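S.K.: Protein chains in written order, with numbering that gives the first Met the number 0: chain A, 0 to 162; chain B, 0 to 162; chain C, 0 to 162; chain D, 0 to 162; chain E, 0 to 162; chain F, 0 to 162; chain G, 0 to 162; chain H, 0 to 162.
Be careful, since some hints might not be right.
[Said to hold, decoys possible] Over the 10 Å line for every Cβ pair with chain H, so calculated as not near, a few chain G residues: (1) 18; (2) 78; (3) 131; (4) 136; (5) 161.
[Claimed, not checked] Simulated crosslink set (DSS-like; lysine-lysine; CA at most 25 Å straight-line): (6) 158/B - 46/G; (7) 116/A - 2/A; (8) 146/G - 116/G; (9) 158/E - 46/H; (10) 1/B - 2/A; (11) 21/F - 46/D; (12) 46/A - 1/B; (13) 2/A - 46/A; (14) 142/A - 155/C; (15) 142/C - 2/C; (16) 46/A - 157/H; (17) 2/G - 142/H; (18) 2/D - 1/C; (19) 1/D - 142/C; (20) 155/C - 21/E; (21) 21/C - 146/C; (22) 46/A - 1/A.
[To be verified] Using C-beta positions, here's what the derived DEER-type ranges look like: (23) 46/E - 27/C: 30 to 38 Å; (24) 42/A - 160/D: 45 to 53 Å; (25) 14/E - 153/A: 42 to 50 Å; (26) 153/A - 52/B: 23 to 31 Å; (27) 150/H - 153/E: 53 to 61 Å.
Simulated from the structure, these hints should not be mistaken for lab results. What you are looking at is a predicted structure, and each value in this text was computed from that prediction instead of being measured. In this text, a Cβ means the ideal position worked out from N, Cα and C, and glycines have one as well.
Protein chains: 8
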Amino acid sequence: MKKVKILMGSDSDWSVMQEAEKILREFQIPVDAEIASAHRSPERVLKICQNLENEGYGVVICGAGMAAHLAGVVAAHTDLPVIGVPLDGSSLQGLDALLATVQMPPGIPVATMAVGKAGARNAGVLAAKIFSVGDEDLRNRLKQFRKDLALEVEQKNKKLFQP
Amino acid sequence: MKKVKILMGSDSDWSVMQEAEKILREFQIPVDAEIASAHRSPERVLKICQNLENEGYGVVICGAGMAAHLAGVVAAHTDLPVIGVPLDGSSLQGLDALLATVQMPPGIPVATMAVGKAGARNAGVLAAKIFSVGDEDLRNRLKQFRKDLALEVEQKNKKLFQP
Amino acid sequence: MKKVKILMGSDSDWSVMQEAEKILREFQIPVDAEIASAHRSPERVLKICQNLENEGYGVVICGAGMAAHLAGVVAAHTDLPVIGVPLDGSSLQGLDALLATVQMPPGIPVATMAVGKAGARNAGVLAAKIFSVGDEDLRNRLKQFRKDLALEVEQKNKKLFQP
Amino acid sequence: MKKVKILMGSDSDWSVMQEAEKILREFQIPVDAEIASAHRSPERVLKICQNLENEGYGVVICGAGMAAHLAGVVAAHTDLPVIGVPLDGSSLQGLDALLATVQMPPGIPVATMAVGKAGARNAGVLAAKIFSVGDEDLRNRLKQFRKDLALEVEQKNKKLFQP
Amino acid sequence: MKKVKILMGSDSDWSVMQEAEKILREFQIPVDAEIASAHRSPERVLKICQNLENEGYGVVICGAGMAAHLAGVVAAHTDLPVIGVPLDGSSLQGLDALLATVQMPPGIPVATMAVGKAGARNAGVLAAKIFSVGDEDLRNRLKQFRKDLALEVEQKNKKLFQP
Amino acid sequence: MKKVKILMGSDSDWSVMQEAEKILREFQIPVDAEIASAHRSPERVLKICQNLENEGYGVVICGAGMAAHLAGVVAAHTDLPVIGVPLDGSSLQGLDALLATVQMPPGIPVATMAVGKAGARNAGVLAAKIFSVGDEDLRNRLKQFRKDLALEVEQKNKKLFQP
Amino acid sequence: MKKVKILMGSDSDWSVMQEAEKILREFQIPVDAEIASAHRSPERVLKICQNLENEGYGVVICGAGMAAHLAGVVAAHTDLPVIGVPLDGSSLQGLDALLATVQMPPGIPVATMAVGKAGARNAGVLAAKIFSVGDEDLRNRLKQFRKDLALEVEQKNKKLFQP
Amino acid sequence: MKKVKILMGSDSDWSVMQEAEKILREFQIPVDAEIASAHRSPERVLKICQNLENEGYGVVICGAGMAAHLAGVVAAHTDLPVIGVPLDGSSLQGLDALLATVQMPPGIPVATMAVGKAGARNAGVLAAKIFSVGDEDLRNRLKQFRKDLALEVEQKNKKLFQP
């Protein structure tokens with residue numbers, strides 16, 4: 000099975016991006032994370048991009064705040080699917096990161112998630128969905144995951160309204 | 000090879016969403032499109048979702064404007080990766096569709112593209128990238144596609160500045 | 000008298016949506032609440048929608064945050080009036096939920112309230128107003144309610160400026 | 000059957016607000032329209048409000064642009080349900096009218112629709128839904144209307160993709 | 000000398016609007032404040048408006064949050080200059096109140112100030128400026144006030160950078 | 000009677016700012032206009048400011064687009080009431096000019112109007128209201144003006160709905 | 000004298016970015032332009048960046064629309080001052096490009112200009128100002144340029160108001 | 000070597016603007032700071048501007064919040080490069096200051112940085128970059144600074160992921 004690489008611009012992003020790692024581990028998808036800033040360590044980003052395919056990665060997840068270029072830069076240097084997680088890292092509350100991540104020009108897509116923790120978790124789920132296109136076993140785990148989400152809603156409902 | 004399904008909320012969205020179909024045909028990926036509104040024909044959307052896997056689809060692309068729920072509803076009813084294209088269909092110029100598409104809650108991701116034509120074209124490219132995770136031949140065509148993008152930039156540069 | 004159903008996407012929304020329940024109880028309108036997520040438990044939402052009319056509900060109030068599809072999905076599956084309360088559930092402070100709730104396409108309206116607690120309370124008042132179209136007694140209670148609002152303003156004024 | 004009153008701030012709003020009138024006539028609901036500006040003819044607005052109940056109106060639809068106060072002012076002076084349609088009447092493209100209509104304080108709700116024509120049409124549909132709470136025949140017409148919406152989607156799909 | 004009337008929608012606005020009262024007292028301009036909600040106590044607002052001129056008021060300052068209609072409603076019912084202070088009273092952080100206050104239609108102006116405390120204080124200063132058009136003594140106090148502002152900047156500079 | 004000075008940043012603003020001049024002439028208030036850019040001709044702005052009081056001006060109206068500093072700069076250099084009209088002069092559609100005009104710091108107010116023509120016209124009306132504080136005759140003309148606005152609404156209503 | 004390099008993401012940007020070239024030629028500063036997309040031709044961008052200093056460039060001007068990463072990427076790969084011009088290239092009207100250009104993280108500044116033509120022209124002026132820090136002759140031309148701006152305002156004023 | 004002048008509108012801005020001073024001191028560039036408000040002490044701003052060149056300043060950094068005119072006013076009165084730092088000083092979270100700083104009209108550029116501390120620090124870096132155009136030694140220090148940024152990223156990565 001291919002691996003997922005999580006990249007983030009700063010160590011302070013890890014508390015949010017860890018949501019992606021957690022859910023990938025739940026799906027038993029191999030994953031590792033690195034800090035690499037598109038602006039402060041661009042060579043490092045390029046080097047990581049050049050080795051992604053050879054090292055067995057199948058999807059890249061990039062989390063960044065402010066003028067969040069990380070996902071776009073990675074998407075410009077790899078043919079793997081790139082998932083972008085805009086982070087709330089300025090007084091503009093993630094609107095800057097969202098627009099800088101999602102508004103990619105024709106030819107170089109970034110699969111953009113919601114701002115913050117919800118987006119980080121969904122980046123992991125989307126990576127699993129992408130791998131499941133050719134992996135029936137993973138697809139079945141995703142089916143179970145979706146059933147569990149529905150079950151969890153029912154249980155919360157019972158707890159709150161039928162005590 | 001699995002197929003791509005393009006869904007859109009209204010026939011007037013086709014002139015934009017056709018960008019996705021065009022690029023998928025260039026990549027020789029089987030694709031077909033349907034109109035299905037999450038609000039006006041919800042049963043139709045459900046029925047399409049229920050048959051996607053059986054009928055050999057691997058990715059769904061959803062284009063919608065305003066309170067663009069189509070991608071979210073499809074993502075709630077299938078385990079396939081869902082790509083959302085927010086369309087500029089109101090005086091708010093696609094900001095409504097962008098936020099309604101991208102801000103998905105934890106568990107149900109929508110891979111959101113840029114608003115409008117650029118996003119529709121990139122939805123097709125992302126679908127190809129997703130299929131290429133398990134398809135080396137397609138990966139090579141994507142590599143060529145990215146080289147061609149770079150070449151095209153150089154050619155435009157020559158035409159404009161070195162006549 | 001018909002009943003009001005309050006739906007919300009998550010148990011964490013209850014502290015806000017309870018404002019709707021409280022005011023409905025003040026108006027002696029039968030009301031109950033359930034958790035049902037348009038994205039994580041879509042079948043549950045459909046099932047609730049299918050039974051609303053038979054079980055004697057006359058109005059549905061839906062509270063959701065982020066890409067708030069709950070009200071739109073319910074409006075797509077019932078002919079009852081649907082009231083939407085956008086909740087402040089992300090760094091974008093409810094603007095996402097507001098646009099995702101209010102910008103409905105032609106044919107499927109959602110009666111949208113203000114973001115958050117004010118909106119939840121007003122959802123209850125609007126439900127009462129809707130029932131009062133055919134219920135003179137309730138109309139009279141609404142008249143009294145509006146008089147009490149005015150009185151409350153006068154009392155606060157006295158307390159603050161004429162001690 | 001009770002009547003619907005459509006109010007709008009300016010004669011130039013009629014081309015948009017007429018969408019509400021059209022759909023109400025389709026539902027055979029009696030409706031008439033008047034121009035009344037909350038800012039330029041406030042006494043006229045008050046007078047209309049005072050007579051609404053006596054003259055047999057059951058719902059008021061208010062369309063206004065810019066700092067759209069009309070719906071809020073009407074809601075402050077009547078106990079009928081008030082539906083607000085924000086209009087795109089300035090360079091800010093209806094965002095001003097949307098916020099000025101929807102962000103009502105606790106106690107005085109305005110059922111807010113989408114900006115512009117879609118919102119005007121939906122105001123008519125919502126008024127019909129409100130009347131249908133106590134009118135089974137109208138409820139049935141609404142059921143048919145919703146079926147027709149779904150049918151129309153299917154027909155457009157056939158026309159575009161199965162010629 | 001004419002008086003200034005400060006109106007606000009809720010008693011919770013007083014902590015902000017008091018800034019207007021303070022600066023007016025510094026300028027020795029007679030001022031009093033009242034709570035009057037455009038939505039919850041509209042008759043009270045009308046009654047206050049009808050008496051403003053007779054009771055010797057020359058300017059009205061209105062502070063309100065959310066869909067802030069108070070200033071607009073007052074401007075519709077009096078010929079006195081009306082100053083509007085948008086308040087930060089919702090998750091949208093005063094953008095709603097700003098647009099609802101400033102985007103008045105032709106014929107009925109509201110002199111809009113900044114959101115919150117800065118705006119409340121400036122409402123007092125603007126009222127003084129308005130009265131000073133026909134009052135040379137007040138004009139001189141305003142000149143001194145502006146000189147003091149400049150002096151204060153110099154003193155803060157000295158304190159911080161030349162200790 | 001004191002005069003009104005209209006300033007604008009560019010000759011292209013005149014088509015909008017002329018609305019202020021027109022309404023002032025209707026009120027028989029002396030008015031003249033000048034082009035003076037806060038950024039391109041700052042000395043010219045200062046010079047105009049220094050002479051305003053001596054030359055008999057009582058109010059200044061400033062129209063500017065983009066980072067609209069003109070009104071703020073004039074307010075910093077005069078004790079006269081300053082009215083700001085934000086103009087729609089960039090792709091951001093006047094939101095830039097609105098925020099740059101209205102968000103003034105404590106001590107230096109700018110009476111901000113709506114973006115564009117409505118705001119320009121209202122700047123003229125507000126100037127008249129300001130002068131009317133000490134001019135009963137002008138107050139009466141304003142009363143008539145407001146009555147005419149209401150009459151005009153009624154006439155438009157008759158023309159449209161009672162032909 | 001050092002040269003200025005103008006980079007832009009697409010040939011369609013040239014009509015706007017030419018404003019920068021024009022003003023630089025007026026200041027007799029050597030300048031040339033190239034098309035280089037941060038996303039579609041990233042190697043080309045890197046190569047240009049690596050040669051900038053050797054080839055005698057002193058400032059880089061980058062114009063791009065949507066998720067405008069060009070200036071940020073260039074700033075990450077050179078020590079020259081980088082000026083960014085956000086372009087209006089999507090339905091979001093340049094707000095996306097503005098935030099993606101200006102919100103740079105600590106350490107890697109981009110000197111951001113206004114959206115569109117005004118910004119492109121100002122990029123040229125800023126480049127001239129930067130070169131003038133060590134070039135008194137150029138400083139004098141800038142002084143004259145600023146005087147001419149003021150003169151132009153006066154002439155436009157005469158033409159419009161003193162015919 | 001020329002000096003850098005840091006100006007800010009209020010003493011409360013110093014905690015943010017100090018970031019600019021710190022980084023300039025790291026680069027051994029002479030720098031001093033002053034408080035000067037474009038609105039409350041305009042003469043002071045003018046006087047500072049008039050002496051900048053004579054006193055050996057080469058760049059001005061201006062930090063201001065709300066309707067942040069300081070950078071624009073300084074740019075209008077000097078030929079030195081002006082760097083603007085928008086500050087988060089109101090409920091609108093710096094969007095007001097950003098637009099008021101960056102949207103300058105043609106002819107008078109302000110090199111705009113990100114909102115808040117990141118922007119203040121980058122203002123210092125940009126000033127260093129500007130001085131380095133004619134100062135190879137400083138250029139070398141900037142090269143080292145950029146290398147250190149990259150190194151710091153690697154070290155943080157090691158600390159977090161390879162303990």
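S.K.: For each hint, tell me whether it holds in the structure or not.
M.R.: Hint-by-hint comparison with the structure:
1. Distance to chain H contradicts residue 18/G as a non-interface residue, since its nearest Cβ pair spans about 8 Å, not more than 10 Å.
2. Against the 10 Å criterion, residue 78/G falls within the reach of chain H, whose nearest CB is about 5 Å from its own CB.
3. The beta carbon of residue 131/G sits about 7 Å from the closest Cβ of chain H, which is not more than 10 Å, so the claim that it is off the interface is violated.
4. Distance to chain H confirms residue 136/G as a non-interface residue, since its nearest Cβ pair spans about 12 Å, more than 10 Å.
5. Remark: the non-interface label on residue 161/G is consistent with the geometry, its nearest Cβ contact in chain H lying 23 Å away (cut-off 10 Å).
6. Between the alpha carbons of residue 158/B and residue 46/G the distance comes to roughly 20 Å, so the proposed pair stays at or under 25 Å and holds.
7. About 21 Å separates the Cα atoms of residue 116/A and residue 2/A, which keeps this hinted pair within 25 Å; it holds.
8. Among the hinted pairs, residue 146/G with residue 116/G is consistent with the structure: their alpha-carbon atoms are about 21 Å apart, no more than 25 Å.
9. For the hint pairing residue 158/E with residue 46/H, the CA-to-CA distance comes to about 20 Å; that is within 25 Å, so the pair holds.
10. With a C-alpha separation of about 22 Å, the suggested pair residue 1/B and residue 2/A falls inside the 25 Å cut-off, and the hint holds.
11. Under the criterion of a C-alpha separation no larger than 25 Å, the hint pairing residue 21/F with residue 46/D is inconsistent with the structure, at around 32 Å.
12. For the hint linking residue 46/A to residue 1/B, the alpha-carbon distance of about 32 Å lies beyond 25 Å, and the restraint is violated.
13. Between the alpha carbons of residue 2/A and residue 46/A the distance comes to roughly 17 Å, so the proposed pair stays at or under 25 Å and holds.
14. For the hint linking residue 142/A to residue 155/C, the alpha-carbon distance of about 56 Å lies beyond 25 Å, and the restraint is violated.
15. Pair hint residue 142/C plus residue 2/C holds up; C-alpha atoms about 21 Å apart against a cutoff of 25 Å.
16. For a cut-off of 25 Å, the pair hint linking residue 46/A to residue 157/H stands: about 16 Å separates their Cα positions.
17. Of the pairs offered as hints, the one joining residue 2/G and residue 142/H holds, with about 20 Å between alpha carbons and a cut-off of 25 Å not exceeded.
18. Proposed proximity of residue 2/D and residue 1/C is supported: the alpha carbons are some 22 Å apart, at most 25 Å.
19. As the CA atoms of residue 1/D and residue 142/C are separated by approximately 19 Å, the hinted pair is consistent with the 25 Å bound.
20. For the hint pairing residue 155/C with residue 21/E, the CA-to-CA distance comes to about 21 Å; that is within 25 Å, so the pair holds.
21. The hinted pair formed by residue 21/C and residue 146/C meets the criterion: a straight-line CA distance of about 19 Å does not exceed 25 Å.
22. Taking the CA atoms of residue 46/A and residue 1/A, the gap is near 19 Å; set against the 25 Å cutoff, the hint holds.
23. Checked against the hint of 30 to 38 Å, the pair residue 46/E and residue 27/C passes, with Cβ atoms roughly 32 Å apart.
24. Between residue 42/A and residue 160/D, the C-beta spacing of about 49 Å keeps the proposed range 45 to 53 Å intact.
25. Remark: the range hint 42 to 50 Å for residue 14/E to residue 153/A is upheld by a beta-carbon distance near 45 Å.
26. Taking the beta carbon of each, residue 153/A and residue 52/B are about 24 Å apart, inside 23 to 31 Å as hinted.
27. Range check, residue 150/H to residue 153/E: about 44 Å between beta-carbon atoms, so the 53 to 61 Å window is missed.
The structure fails to meet hints 1, 2, 3, 11, 12, 14 and 27 from the earlier list, while all remaining hints are met.
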